[in-house]
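**Q** Chain order of the listed sequences is A and B.
Residue numbering for the first sequence follows my numbering, beginning at 1 and increasing consecutively.
Residue numbering for the second sequence follows my numbering, beginning at 1 and increasing consecutively.
Treat the hints as calculated values from the structure; they're not laboratory data.
Any given hint might turn out to be false.
Covered by chain B, per the in silico footprint, the following chain A stretches (three or more residues, Cβ under 8 Å) [as the list claims (entries may be wrong)]:
#1 17-27
#2 87-98
Calculated cross-link-like contacts (lysine to any residue; reagent style SDA-like; alpha-carbon spacing at most 25 Å) [claimed, not checked]:
#3 B:K57 <-> B:D38
#4 A:K41 <-> B:G106
#5 A:K3 <-> B:K70
#6 A:K41 <-> B:T86
#7 A:K40 <-> A:L9
#8 A:K41 <-> B:N53
#9 A:K57 <-> B:G99
#10 B:K70 <-> A:A42
#11 A:K68 <-> B:D38
#12 B:K70 <-> A:T95
Heads up, the beta-carbon is just placed ideally off N, CA and C, and yes, glycines get one too.
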Amino acid sequence: EDKVVQSPLSLVVHEGDTVTLNCSYEVTNFRSLLWYKQEKKAPTFLFMLTSSGIEKKSGRLSSILDKKELFSILNITATQTGDSAVYLCAVGRNTGNQFYFGTGTSLTVIP
Amino acid sequence: DGGITQSPKYLFRKEGQNVTLSCEQNLNHDAMYWYRQDPGQGLRLIYYSQIVNDFQKGDIAEGYSVSREKKESFPLTVTSAQKNPTAFYLCASKEPGGGELFFGEGSRLTVL
């Protein structure tokens, strides 16, 4: 059975801390792994990682994909209160056009 | 601006009533999806459609129905057969080939 597991489920940190969010997966016919940030309603896209792009960085956020060990991490450095959100990991397959989501990690950054 | 529009944003219904959630996109995407989000459970796939007049069941299709008569539109009906319909519903679309999912703002359904 295909599955995506995120950890931790929730995290509370102080502004300025660095956090690492984890996503492991068991999905047949892997195509891509996506990270989203969800604050209140619509998830907003952060990164897509594939076999040809296993490391991405944008400002204070970065992500890597380990296709051998079947996991990805999302790093956020120098956290700010605006980083407080649920972070979702999704894995897409080559066949069927489906995406499997993890349960998300709820991040709270306190001043 | 291109995007996905879901309506209504909030909906209250009595038990036993069917409700239809609207999803319209002007991104010219072929694939469209409906997800359900419950606290602590992430997003679960209800139905998806890769082209007009074709759709497939996802993991939790029971009690739901969809149609795809136009490329831009993918409405979801929550029927009275859905045992626990109170949830947050997200519609998404994707362009052909690889790429990310684009999401609408969501519809929150509460059944009283």
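**Q** Give a verdict on every hint.
**A** Hints versus structure:
{"no.": "1", "hint": "17-27", "verdict": "violated (count 0)"}
{"no.": "2", "hint": "87-98", "verdict": "holds (count 6)"}
{"no.": "3", "hint": "B:K57 <-> B:D38", "verdict": "holds, 19 Å"}
{"no.": "4", "hint": "A:K41 <-> B:G106", "verdict": "holds, 6 Å"}
{"no.": "5", "hint": "A:K3 <-> B:K70", "verdict": "violated, 32 Å"}
{"no.": "6", "hint": "A:K41 <-> B:T86", "verdict": "holds, 16 Å"}
{"no.": "7", "hint": "A:K40 <-> A:L9", "verdict": "holds, 17 Å"}
{"no.": "8", "hint": "A:K41 <-> B:N53", "verdict": "violated, 29 Å"}
{"no.": "9", "hint": "A:K57 <-> B:G99", "verdict": "holds, 17 Å"}
{"no.": "10", "hint": "B:K70 <-> A:A42", "verdict": "holds, 23 Å"}
{"no.": "11", "hint": "A:K68 <-> B:D38", "verdict": "violated, 31 Å"}
{"no.": "12", "hint": "B:K70 <-> A:T95", "verdict": "holds, 23 Å"}
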